[in-house]
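Undergrad: Listed here are the chains, written in short residue letters.
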Amino acid sequence: MNKELPTESQIFSAERKRTKGLVAQAAEEMRPAVEYPLDDFTVLENQEKQRLLMASRIYVVAKTSEANRAWEAPTVAHHLGQAKEALDDVYRNPYVQEAGIPA
Amino acid sequence: MFIGILMYKKLAYQLKNDTRGNPYEYHTEMARDEARYNLVLAALTGNAALLDAAIDKMNTIIENADEPTARTLAVFEKARMVHSQSPTQDTFETLRESYNQATQASELGKKWERVAAIASWYTIDVAKKGHFIEATKGIINFVKAVNNDKSTLTILPRQIAREVTEAARHKNWRRTIPSGADYSSLQLSR
Numbered sequence: 013m014n015k016e017l018p019t020e021s022q023i024f025s026a027e028r029k030r031t032k033g034l035v036a037q038a039a040e041e042m043r044p045a046v047e048y049p050l051d052d053f054t055v056l057e058n059q060e061k062q063r064l065l066m067a068s069r070i071y072v073v074a075k076t077s078e079a080n081r082a083w084e085a086p087t088v089a090h091h092l093g094q095a096k097e098a099l100d101d102v103y104r105n106p107y108v109q110e111a112g113i114p115a
Numbered sequence: 004m005f006i007g008i009l010m011y012k013k014l015a016y017q018l019k020n021d022t023r024g025n026p027y028e029y030h031t032e033m034a035r036d037e038a039r040y041n042l043v044l045a046a047l048t049g050n051a052a053l054l055d056a057a058i059d060k061m062n063t064i065i066e067n068a069d070e071p072t073a074r075t076l077a078v079f080e081k082a083r084m085v086h087s088q089s090p091t092q093d094t095f096e097t098l099r100e101s102y103n104q105a106t107q108a109s110e111l112g113k114k115w116e117r118v119a120a121i122a123s124w125y126t127i128d129v130a131k132k133g134h135f136i137e138a139t140k141g142i143i144n145f146v147k148a149v150n151n152d153k154s155t156l157t158i159l160p161r162q163i164a165r166e167v168t169e170a171a172r173h174k175n176w177r178r179t180i181p182s183g184a185d186y187s188s189l190q191l192s193r
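Protein chains in written order, with our numbering: chain A, 13 to 115; chain B, 4 to 193.
I should point out that these hints are in silico values taken from the structure, not numbers from a laboratory.
Some clues are possibly wrong.
[Stated by the list, open to error] Per the computed footprint, the stretches of chain A lying under chain B, defined by three or more beta-carbons under 8 Å from a beta-carbon of chain B, are: (1) 30-44; (2) 48-55; (3) 61-70; (4) 90-99.
[Said to hold, decoys possible] Not everything, but these chain A residues come out facing chain B in the computed CB check (under 10 Å): (5) K15; (6) I23; (7) N58; (8) R104.
[To be verified] List of simulated lysine to aspartate or glutamate pairs, DMTMM-like, C-alpha gap at most 20 Å: (9) K113/B / D21/B; (10) K19/B / E20/A; (11) K15/A / E47/A; (12) K15/A / E84/A; (13) K131/B / E169/B; (14) K19/B / E60/A; (15) K19/B / E57/A; (16) K140/B / E169/B; (17) K32/A / E116/B; (18) K32/A / D152/B; (19) K132/B / E110/B; (20) K32/A / E96/B; (21) K19/B / E110/A; (22) K174/B / E84/A; (23) K132/B / E116/B; (24) K32/A / E110/A; (25) K32/A / E84/A; (26) K32/A / E20/A; (27) K19/B / E96/B.
C-beta: ideal position from N, C-alpha, C; glycine also.
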C-alpha cells in the first residue's frame, strides 16, 4: 500500500502529459494515488483530498485512453481492468462518496 | 428525506475547486469518466446496454452539475452519443447547439484543453456527416485553443488518427478476443 500522494506539481505535470497524449506516462506517475489507503480519506486535509481525486482522475482517464488506443482485445481488457480497479477502489469508495462524490 | 437531501447537497459541495482554486466539480468529472469507460467497454464487448448506461449517466450528470463547463460538456457528450446512435437532423441540431454552449462556457472559464478537445470531436463528427461549414467552426475554435495553450496542439491530429483507425481497431478487438474470455467482470456495478 502506498502512503505517498503525488504532489501538486506532479499532478499538473501528469495532466500536461495526458493532454499531450503521453497517457502511459501520466498513468504511471499517478498510480500512487490509486494505491493510497483510503480508510482515512475523511480525515485528510481538503488539499490532500483534492490531490488524491485529481490524480485518480488522471489515472482513470489515461488508462481508459490506453485501452481505447490498443489494437488487441486482451490489451484493451488489461487497461480497462486497471481503470476499473481505480473506479471501484477510489470513485466508489464509501468514504469518497460520503465526501460528496456520488457514483 | 428533506434532511437527507440537504445533507447530500452539503457533502456534495464540499470539494468544488482544484488544488489551485479553479472551479472543479469532482463528482461531475468522475461520473463523466465512468461514462467514457462504459463507451470503451461497449466497443470491446458489443454490449449495447453499456451505451444506454453511458447516456443514463450523462443525464444524471446534467441534472446534478452546477459548474458550467462540466455541465455543458456533459450535454455535448450526450448529444454526440445520441447523434452517433441516431443521426437525424434533430439530433444534429441538438449537437450543434450543445457544441456552441460547451465551447462558450469553456472559453469563458479559460479551459483551453477542454475547448480543444470539444472542437476536435465536433470537427470530426460533423465533417464525417458532410457539414463542412460547421467543421470549419470547429477548426477555428481549435486554433483559438492552441493559441492560448500550445500543449493542446496535438489533440486534433490525435483525434483524427484515432477516428481513422477506430473501425479497424474495433474489428481487431473482436477478432482477438480469446475464446472463452469473459469480460463481465469489467462491468461497473450500478
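Undergrad: Determine for every hint whether it applies to the structure shown.
TA: Going down the list of hints, with the structure as the test:
Against chain B, the segment 30-44 of chain A contributes 3 residues with a C-beta closer than 8 Å to a partner C-beta. That satisfies the three-residue criterion, and the hint holds. With 0 residues carrying a beta carbon less than 8 Å from a beta carbon of chain B, the segment 48-55 of chain A misses the three-residue requirement, and the given coverage is violated. Only when three residues or more bring their CB closer than 8 Å to a CB of chain B does the claim for the segment 61-70 of chain A stand; here the count is 6, and the claim holds. Evaluation of the coverage hint for the segment 90-99 of chain A: fulfilled, as 5 residues show C-beta separations to chain B shorter than 8 Å, against a requirement of three.
Here the hint on K15/A is broken, as its CB sits about 19 Å from the closest CB of chain B, past 10 Å. A hinted interface residue such as I23/A counts as satisfied when its beta carbon comes closer than 10 Å to some beta carbon of chain B; here the least separation is about 7 Å, so the hint holds. This hint holds: N58/A has a C-beta 7 Å from the nearest C-beta of chain B, less than the 10 Å allowed. Residue-level restraint check for R104/A holds (minimum Cβ-Cβ distance to chain B is 8 Å; threshold 10 Å).
Annotation: proposed proximity of K113/B to D21/B holds, straight-line Cα distance about 14 Å (limit 20 Å). Restraint check for K19/B and E20/A: satisfied, since their Cα atoms lie roughly 16 Å apart, inside the 20 Å limit. For the proposed pair K15/A and E47/A, the alpha carbon gap of about 8 Å is at most 20 Å, so the pair holds. Under the criterion of a C-alpha separation no larger than 20 Å, the hint pairing K15/A with E84/A is inconsistent with the structure, at around 34 Å.
Distance restraint check for K131/B and E169/B: the Cα-Cα separation of roughly 13 Å lies within the 20 Å cut-off, and the hinted pair is therefore satisfied. Taken as a hint, the K19/B and E60/A pair is honoured in the structure, with Cα atoms around 14 Å apart against an allowance of 20 Å. With a C-alpha separation of about 14 Å, the suggested pairing of K19/B with E57/A holds against the 20 Å cut-off. The straight-line distance between the Cα atoms of K140/B and E169/B is roughly 24 Å, outside the 20 Å bound, and the hint therefore fails.
With a C-alpha separation of about 10 Å, the suggested pair K32/A and E116/B falls inside the 20 Å cut-off, and the hint holds. The hinted pair formed by K32/A and D152/B meets the criterion: a straight-line CA distance of about 11 Å does not exceed 20 Å. A threshold of 20 Å between alpha carbons decides the hint, and for K132/B with E110/B the separation of about 26 Å lies outside it, so the pair is violated. Between K32/A and E96/B the alpha-carbon distance is near 31 Å, which puts this suggested pair outside the 20 Å criterion.
Taking the CA atoms of K19/B and E110/A, the gap is about 15 Å. The hint holds against a cut of 20 Å. Restraint check: the Cα-Cα separation between K174/B and E84/A comes to about 10 Å, which is no more than 20 Å; the hinted pair holds. For a cut-off of 20 Å, the pair hint linking K132/B to E116/B is broken: about 25 Å separates their Cα positions. Proposed proximity of K32/A and E110/A is contradicted: the alpha carbons are some 34 Å apart, above 20 Å.
A hinted pair counts as satisfied when its Cα atoms are at most 20 Å apart, and K32/A with E84/A does not qualify at roughly 23 Å. At roughly 19 Å between alpha-carbon atoms, K32/A and E20/A fall within 20 Å of each other, so this suggested pair holds. In summary, the hint linking K19/B to E96/B is not supported, as the alpha carbons are separated by about 32 Å, beyond the 20 Å threshold.
Of the numbered hints given earlier, the model fails hints 2, 5, 12, 16, 19, 20, 23, 24, 25 and 27; all others are met.
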